[in-house]
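With chain A fixed as given, assemble chain B onto it according to the hints.
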Amino acid sequence: MLTVEENQVKPFVGGVWKDEINVRNFVLNNISSYDGDSTFLCGPSEKTKVLFDICMDAVKEELANNGVRSIDPNTISRITSHAAGYISQEHEVIVGLQTEELLRRAMKPYGGHRIVEKACAEHGVKMNPQVKEMFDKYVKSHNDGVFDAYTAEIRKFRSLGFLTGLPDNYARGRIIGDYRRLALYGIDRLIEQKVADLDGLTGPMTDARIRLREEVSEQIKALKEIKILGEIYGLELGRPANNAQEAVQWVYMAYLAAVKEQDGAAMSLGNVSSFLDIYIERDLQAGVIDEAEAQELIDQLVLKLRMVRHLRMEAYNDIFAGDPTWVTEAIGGGTMNGGHKVTKNSFRFLQTLYNLGPSPEPNMTVLWSPSLPQGFKEFCAKVSVDTSSIQYENDDLMRAVRGSDDYGIACCVSHQEIGKQIQFFGARTNLAKTLLLALNGGKCEITGVQVIDGVPALKSNELNFDEVMANFKIAMTEVARVYVESMNIIHYMHDKYYYERAQMALVDTDPKVNVAYGIAGLSIVADSLSAIKNAKVTAIRNEDGLVVDYKIEGEFPCYGNDDDNVDQLAVDITAQFNKHLAAYPTYKNSEPTMSILTITSNVTYGHKTGATPDGRAKGVAFAPGANPMHGRDTHGAIASLNSVAKLNYEDALDGISNTMSMVPKTLGNDESTRVRNLTAVLDGYFSRGGHHLNVNVLNKELLVDAMEHPENYPQLTIRVSGYAVNFVKLSRDQQMEVLSRSFFDKI
Amino acid sequence: MNNSLKSATLEAHHGVKEEVLNIHSIETFGTYDGPGIRYVLFLQGCPFECLYCANPDTMNFGEGKDYDINQIVKEATNMKAYYANGGGVTVSGGEPCCQAKQLIKLFKRLKEEGIHTALDTNGHVLNHYVKELLETTDLVLLDVKHIDAAIHEKVTGRGNEKTLAFAQYLKEINKPFWLRYVLVPSLTDDPKYLHDLGEYFRGFDNLLKLEIQPYHKLGEHKWEHLGKEYALKDTSENTPEQISLAKSIFEQYFKEVVVN
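Chains as they are written, first to last, in numbering that gives the first Met the number 0: chain A, 0 to 746; chain B, 0 to 259.
So here's chain B without its partners, still in its complex pose:
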């Protein structure tokens, strides 16, 4: 039996792509993707192929489920009673900016409902849709995979120039954001580059918090399941010392550093 994500209301809207988002999954008790309790929408499709990706099944475009925006608004509105501690809706992925055009509609509707909106992005896409989307985005969670362009490309398959340009744009429009950094032993935890990252972002007044996301291997089996090779087979999870070292470095640059 298929315990489907699918909603019957979907049928009526099928084909009208502006009214649907192609999603991977929904988590209504998100406590790690922004403040408070959050309705987290994981969108399908991502231009990056991060070596450590915990959800490689979100990478390919178009392979998710079409989910009606009205249904999302309804579910998110039903959760208002739980948003007491600054909670709201986070769109994550995959890379949500790849569906920015439809997200504009969603975020507008959410703001009409008075719901806090967060965009969890790798910053690779910044077109006019994304810029419009940012107008109704309360908080950006910007994932910077690496500060060095070459290593960034090694980790994600793409360079980091667009991500850094995205960050500059956030600074320009003074949009509050949290910086998120996945700390992978021997791949992204070289102290030199942690300092470089700190130097680059230290002057951003709109950067509220840096979140260290320790590396975990929970996604490894998904790579195998997809028939793809997992490049970090031999990489271990961070030791507490590695995490506290990174934390102490970032604390030299940012007022709030948390380990997720």
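Pulled out of the complex, with its shape left as it was, chain A reads as follows:
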């Protein structure tokens, strides 16, 4: 490999990044923002096409084999556990697989070994008895630790469906390593820094200080192992990357180490595209590579990211459907000094959706601002219209409120400053079911089990708004308390038994921590309260006195029609529950944040929830995320967007997910009109303070056909709440829920 000097490329602009670990400073000092259009882009190279065909065949085999191509049941996956793996070595300009073989899944039993054993068994594979014995007898997992500490109350909340999807038997994920650091600094320099940090961590030896010293020591070990991982592939990761190819390769190796060690629910890539552009642009200027080669690097990186797999048991599909990995990459956005981070590489990342076809992964997230260059905005809109594979987030809002312009998106929608901050993921609580506690004297509406104390019985079957609100407040206080307690236990144990040393090695020592709570069922709660307030709602009880249904007389406005009479209820409830969550102490003094995001669990939450006062029948799926309930946003797409945009980001700093589906014709008659209109929708939604938007542009008929003939749609991608999935990988229930959503189809 040529060195910088031999390449005759110009040296990078210096800055504080030379003296300290500070990738942001490097990016701001060296970025070449791009204001042009997409005409410079290239198609896939011959090498990429060869690899793509091999990968597509492997993916088809995987689909045909119940979703798993093969499993390694013998080796516990660690950074250096597996020998080098290739797709077709001579065609790979970027190398590295999680195991020796494409799509072969590895065991990561530290989260919970019984889960891994079950996942193996579900695919007819037997976990190596030695591994099983090791975990049965000698090694404790995160899952073991959590259940040792869980209270009876938390178990009750969990089993009755008030708290669901908690990361207590799988890895929490959501931590984003600053994978760029490996390329910019090389391992040796990073170790040097961490050793210095460790030396500075002296007494008094409190619990926190001892824990941090142990964590940093683990990080240093991980860095040393990443260097060995490089050697396995013949890469000199000890030093910084010297050129574009190395920069892409180094970043990928850092990410690969993370997904070899961990199977976190969501393991985002961060914000690497604008960083990598700096190396690519330098090589392009020096004539070392051409545009086709630049695209080849990104295509091959993206193809590798698409091949990341974790071993999951089938039940996991209920909460996170479609085998997602959430390799979320944040693209574009602005800088604090008024510039923007759209580069040619922002376009190249999106171009992979043409060169390699639509795909859920990596989870392409455009950090949108109406002030971004028009050429980029229109290219994004075009890619959305063509592939439904992009999600958008409000960069102006996040930059202003979170005070950072160097951030990635953790998992689906959550802001995370890269390398400076991490997040403790907390799944979500069922707010609709919490409302039903308020109507049933604190009893579960389905089982009759007393869940919380202190909620008075209703004075009358005709629901009174003030009385219901008073009871609901008591229920929210109690649910929030138990939720926070469960999170504290989970993250204490995750740090203890399944610490993310490879990722944390690429994050500042002692970073800021957010704890990320979530709620499901907001639109149900808002509409229910609206019904109680504006119509006459009478509770219908079963023989045990539990409220199981409602008689609704009169009309009431529904959330999703830009009507303050109901939208304000959604705003208020969000603010209230967020305050309840913030009232309790947290593990590692993490800062509480809350999301309105369901992933695909809106279906399973619905199954576990009785009839609600808005007229929703027992078992019916919730709307996803912060979306209005299916079919109730009768005034069309913009009124629906305007309702959701009223929710205050400050009350839900972990993110407010909104998913919009429309048929292509609705957007306009021809491509240029569709692109223009979608651009206007995005500008409009975000300038009104909306936080996140998934955009699907497809026909319902296409989805129906894909349900009947999945084999014809291996790449059909659809955005759900905060991520994208292959539609054919969803369960039938989940597919039906997607079809029942409001498709804006007026023409």
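It cannot be assumed that every hint is accurate.
[Claimed, not checked] In the BS3-like style, the derived pairs of lysine-lysine whose C-alpha atoms are separated by at most 25 angstroms in a straight line are:
(1) B:64 <-> A:550
(2) B:227 <-> B:246
(3) A:699 <-> B:216
Rather than coming from a laboratory, the hints here were simulated on the basis of the structure.
Structure of chain B alone, referenced to chain A:
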């Protein structure tokens, strides 16, 4: 359960008919009724009974919901951020000119907010209210159902004299308008009459665009639902050839012809 259109603010104004419009529905993401993204208000009631009407449930007067003008202004104002590409408010129907008196108030308020206004009309009503309404109308979408009076009556139940007089008035006040023409196979697509339409309107400098609206059968089930007979049961949707023929004829007369 009734997912009501109704707004609670309505209660306070009920009975004060000047402050409400009788509406069929609202579509906040209109992309076919005027430029850009539009807040489209479909008003209830129409003097025509077009054989191909896709929304026959808008025909009868008084059967819609009374909707407060203040609420409409508020919703339309909330959409300003989406009007970047020339968007705004379109009133359609039904026949909006039948509620022109109330629309005057609405359009005045919208113009105060700097919002683009469009009136989608069949041109059958031109009284002093409509003339006043046109003062605050930025763009008219004039639906001419047929150029031949007899066939027009067959299609709509009424003659086209008033519609053509409406067009003449637009010319007189030099009000910009788009001509909209529903192309129904064997009912309204005879090339002779397409040429006649072209000849009639070719000298209108205020005519900016002609929109061909291909025939579709999406409204058929609504006729059945209303217990009315759908006269065009046996009519098929246009073939691409029929559409391009009509387009090529109109292009001989108008500078911009688009197919919706």
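So, going through the hints one by one against the coordinates:
no. : hint            : verdict
1   : B:64 <-> A:550  : holds, 24 angstroms
2   : B:227 <-> B:246 : violated, 32 angstroms
3   : A:699 <-> B:216 : holds, 18 angstroms
Violated hint: 2 only; the structure is consistent with all others.
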